[in-house]
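The residues making up each chain are set out below.
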Amino acid sequence: MPLIEAKNLSKSYGAIRAVHAVSFTVDRGEVVGFLGPNGAGKSTTMKMLTGHLRADEGVAVIAGFDVADQAVQAKQHLGYSPEGAPAYGEMTVREFLRFAADLRGLPDAAESVRKTLELCRLNEVAAQTIDTLSKGYRMRVGFAQAVIHDPEVLILDEPTDGLDPNQKFEVRRILKEMAARKAVIVSTHILEEVGELCTRVIVIAKGEVRCDESRDKFLARGTDLNAVFRQLTA
Amino acid sequence: MSSSEKSPSPGLKPFTAMVRREFAGYFRTPLAYVFLAVFNAFAVSLAFFVGGLYESGIASLDRFFLYHPWLWAFLAPAAGARLWAEERRQGTIELLLTWPITVWQAALGKFLAAWLFLACALLMTVPVALTVGWLGDPDWGVIIAGYTGSLLCAGACLGIAAIASALTRSQVIAFVTGFLACFILVLVGYGVFDELLAGLIGSAGVDEIRRLGLWRNLEPFTLGLVDVRPIAYFLSVAFAGLGLSTIIVERR
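Respectively, the protein sequence lines represent chains A and B.
Under this note's numbering, the residue at position 121 of the first sequence is numbered 121, and the numbers go up by one with no gaps.
Under this note's numbering, the residue at position 243 of the second sequence is numbered 243, and the numbers go up by one with no gaps.
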């Protein structure tokens, strides 16, 4: 059974068709790079998968649970970091992660927080309020709340956006460490990320899937990935 | 796959975590202390300087509670403005709605925390009651009834504030709309406003509408009359507000 299933997902905002009949599945051990220009429907698709947006049509299934009908069970298996990694700015990093752990009803919340601080290398800022953190740390806090319960499904909306090369490297390192046990979707504009991180690529443009293939097949489309991208999303 | 065994039922833990965070959230900014100070300053000075609590020479708090609908109409929307507007502004609503807690649990947790905060503000006025007790020999049952009524009145105003907060990402807009809606409920039942209304819809209609005024429902409590109708009124406004705000958040 795939851990993530999108079946015919569609969503319109008024007259604007944001996502149209998007279908794919993601298995354990896969890291899917979700590519597409701005406004292509990447975030909307992710929001429907995570249950934040209700799909007009179609079904999203996480770890076997329908996100609309069995929302709480589906969400227990899901870690999600929305675009821009929002967090309660007035809380300290430790308080925020403790809240995330408690809200998820984790049996040993204190231990989960300790491990996550370690994993995401947040120990040195654990006592700082999130508002005072640099962008790199903030993104890592967003990532940390998504992995605190060691979920089987991880959905990350532009987790490396705005990070410097060292910080990007760090996020990719953590992701690679845990990817084998999970099904992961990562949206990005950064084409180089595909080669380094992903096992599979889905390109989406104008709300439709334009290409869904293995990393190697995608990379074999041409040496100039930017040209490949332009051609696929035209 | 071990997914279904891995997650034992979390029970009440997520809900209590929600209430704790929201309640503590008030005290993370200086706003809470400003709020408590303003509430106390106004509650006390309105009772003594405008209501003439001391000059009346009567050991009773009805002149103190008389102004509570005004206070709550202003301060419940101030405390309730952040409920959802702040989640939208920070984008954290997307986290909250993708964490394994239902919107209803989250909404109830937020609401109870805010109500508890208003209760703290009210509790800080207990010295007023003690002063009256020291000066005279008040009926403590009546005073306790008055406090109960005031707390219920706060809940009703908070219900309205919750709707206002669910509709916007701006705390300022949430506060202003919440205040205006509560303000109308304060005005209902006041002579001048009723005459104005009677001119528009006739005096029979006004009688019905008067029942919806905040003071009209709080007054019996301040006289020591704990009746089912005003309790039902305050609680239905509070829970209608809670329910409607939850539906608004869910629909978006």
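Simulated from the structure, these hints should not be mistaken for lab results.
Keep in mind that the hints are not guaranteed to be accurate.
Reference excerpt, derived from the structure (chain A facing chain B, CB under 8 Å, subset only) [stated by the list, open to error]:
hint: 1; residue: Tyr80
hint: 2; residue: Asp224
hint: 3; residue: Ala227
According to the in silico footprint, chain B covers these stretches of chain A (three or more CB under 8 Å from chain B) [said to hold, decoys possible]:
hint: 4; segment: 68–78
hint: 5; segment: 163–177
hint: 6; segment: 191–200
hint: 7; segment: 209–219
The model shown is predicted, which means the values in this text are computed figures rather than measured ones.
Glycine is no exception: its CB is placed at the ideal position from the N, C-alpha and C atoms.
Hints and how they fare:
{"no.": "1", "hint": "Tyr80", "verdict": "holds, 5 Å"}
{"no.": "2", "hint": "Asp224", "verdict": "violated, 35 Å"}
{"no.": "3", "hint": "Ala227", "verdict": "violated, 34 Å"}
{"no.": "4", "hint": "68–78", "verdict": "holds (count 7)"}
{"no.": "5", "hint": "163–177", "verdict": "violated (count 0)"}
{"no.": "6", "hint": "191–200", "verdict": "violated (count 0)"}
{"no.": "7", "hint": "209–219", "verdict": "violated (count 0)"}
This entry does not satisfy hints 2, 3, 5, 6, 7, going by the numbered hints stated previously.
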